[in-house]
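Below, each chain spelled out in residue letters.
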Amino acid sequence: MNKPSQRTAADMAPEQKVKFYQKGTFTVGNRLVDADSRNVQSSMDRSNAITSGHRACQGCGEALGARYALDTAMRVTGGKMMAANATGCLEVFTTPYPETSWQMPWMHSLFGNAPAVASGMQAAMKAKGKTDTRIIAQGGDGGTVDIGFGCLSGMFERNDDVLYICYDNEAYMNTGVQRSGATPGGARTATTMPTDADHPGNVFGTGKNLPRIAMAHNIPYVATASVAYLQDLEAKVEKAMSFKGARYIHVYVPCPLGWGCASNATISLARLVVETGMFPLFEAEHGAVTSTRPIRQRVPIEQYLKPQRRFAHLFKSPQGQEAIEKLQAMCDRNIKDYDLLRETEETPA
Amino acid sequence: MLKQLEGSHAVAEAIALCRPEVICVYPISPQTHIVEHCGELVRKGEMGNCEYMNVESEFAALSACIGSSACGARTYTATASQGLLYMAEAVYNASGLGLPIVMTVANRAIGAPINIWNDHTDSMSMRDAGWIQLFAETNQEALDLHIQAFKIAERLSQPVMVCMDGFILTHAYERVDMPTQEQVDQFLPPFQAQQVLDPVNPYSIGAMVGPEAFTEVRYLAHEKQLQALDVIPEIASEFKEIFGRDSGGLIREYETEGADTIIVTLGSVAGTVKDTVDEMRAAGKKIGVVTVGSFRPFPSAQLREAVKNAKQVVVLEKSFALGFGGVVANNIMMSLQGTGIHVHTVVAGLGGRPITMPSLHKLFEKALADELEDMQFLDLQWDIVNAELARQRAQINSGPVAESILKNIQVDTAYGGAASHAAT
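Quick note, the sequences are listed as chains X and S, same order. Per the numbering used here, the first sequence starts with residue 1, numbered consecutively. Per the numbering used here, the second sequence starts with residue 1, numbered consecutively.
A few of these clues could be false.
[To be verified] Straight line, CA to CA, 30 angstroms or less: simulated BS3-like cross-link-like pairs of lysine-lysine:
#1 X:K80 with X:K130
#2 S:K44 with X:K244
#3 X:K130 with S:K44
#4 S:K224 with S:K308
#5 S:K274 with S:K285
#6 X:K208 with X:K130
#7 X:K128 with S:K308
#8 X:K126 with S:K44
#9 X:K128 with S:K44
Just so you know, the hints here were simulated from the structure itself, not pulled from any lab data. Values in this document were obtained by computation on a predicted structure and should not be read as measured data.
The task is simple: from the sequences and hints, build the whole structure.
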């Protein structure tokens, strides 16, 4: 059973106006409005991997990321795809028995084995001569960088024909916001509480950069994406599906509940993380970077940290200030390594 | 066709005859020869379109099996000991999802202390996981049980573990009667799954089931096990019709007619037990044997019937529950509840210690003389045990037991220990 959240209403985001998917609103994806009033997301031709009615929190970045990623994969494969899902929020909020939101063959087995289950699925398709049915595996950051890491590396190394998508919200949200190997330094989680000035949230380790680790396997395609740039995510999924073999996409997905941010801040935080340089968007083929998305307007890290209560303590002590400086240094390093401030003619999508 | 084969190779050839579509492998002794030979057969093109996957752990091996079986592919893997424990989470998951995977367990002890030799601690640790567990007595039976296992698994939509004694069977060369492909095809129809992952008809498998339905799902899994009590003998008789020999089934009786004392055992040691019983029967002793072929489901009714006229039952088993007693004996005591038949537990053969006929003679004579303790360990070296217990009473400090024994008998296990040991 999921642990109830320990936080009180007072901790939560500022009050927001609630909008339901109903007749008369123009909410993205609303198919109840007149045909000529619908936006692109609510087109009836659009593939629909995850249907509405699931139980994700308001502002869930993972629900958004998964929907765009899988809808794209569904479109480019003509529906000939199936997915293995690691235990986690995505699994729980889409399949409360006897209901399911999945409009495609979907399987959940365990927390740490989604890549291996997917490998088995593609082996079965090979044995049956149905290699045109493509396999996707997906999980959160805990299921990917921590408990599922061994199976993921094995799937990469064998170059099994699987696209693995990690939805990274930087902690174990489903169990109540505990630290994962993807939690940034300084962040407050339920297991890295900033108890006093000497303990400003999560420790600064060496980090676990899964996209780079994926690249070290020389797999055909690796990409990072953020839900602030949905067309970029779609393009990357489409490109990933054009390759055979092991592929990896790491999608940055804000979690309002775990981060203590407003549920309407999901997109802005997903943009700020890119514009600070904290999360560089890039693609790599066979172990080499092939494209990066330049920063349009560089912003200091504080601007990204301030809307999130998980970083609030950093602004209250000299030790916290040091942590902010370390985070800024990480951004600076990324900007240098990926040349994110280069002069460019192209206008990013 | 009669062949002289290593047990592992016999099993691999039987697997090939079953036309598996996916085999997932990770090496662990003593099952390695089985999957090595499977790999060879796949590469030689003798297994059709079978996909042979080398994965990075036992957890991944069974997880990949879960994925492929859910896609409707006939799926096989093999493991033992630590490997079975490492995949434990997936063992429960495979049965919970009702996937008809067949897995060989080449029975081996569990460490620490690390030990590669045979006992039944590994598969017994998974006795409540919802898998059907069949135990082979000989290499012929191991071969036959694998062919039956796919049929049982696919009829019940439940995974089956075929347990065969590590080294004693897996590495022994014996004559086996290898069936023909035509026979196996006649016996085992292609795998038709009721519900598979398929884009044409998309299912969601593995949803989160809450308190409102979980008990029902678990009960139905238990019901599958109960159904297996009918299906296992049915399939054994279908097997006999085509292959002409008795193999499998729930239990096997040997010289139980008029026996006052019945030995209950499982696995390869049954052969030694039967030889001992033969000699004792020749000397006019009223003793018989029942071999448990299916440990899960446990054939309580059949066992009760088989031993109903005996005065006592001696359970000889290669496993035990620390802090309690025999694992198999516990199941038998529950099955014989209210019958008044006395059940003795004998733990033997742990970590590969040989179970010899002289030891069994002594044990069985003691039982016939009504002198057997309720619980005992065959050939336990009491001098070593008592010395270590005395030391523990004298000084309370913790440490690994195996190393403590050496320290107690003054063997220095630190660097240079071997030399000082050699000098004594």
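To see whether the hints hold, each was checked on the structure:
no.: 1; hint: X:K80 with X:K130; verdict: holds (10 angstroms)
no.: 2; hint: S:K44 with X:K244; verdict: holds (26 angstroms)
no.: 3; hint: X:K130 with S:K44; verdict: holds (22 angstroms)
no.: 4; hint: S:K224 with S:K308; verdict: holds (27 angstroms)
no.: 5; hint: S:K274 with S:K285; verdict: holds (13 angstroms)
no.: 6; hint: X:K208 with X:K130; verdict: violated (36 angstroms)
no.: 7; hint: X:K128 with S:K308; verdict: violated (51 angstroms)
no.: 8; hint: X:K126 with S:K44; verdict: holds (18 angstroms)
no.: 9; hint: X:K128 with S:K44; verdict: holds (19 angstroms)
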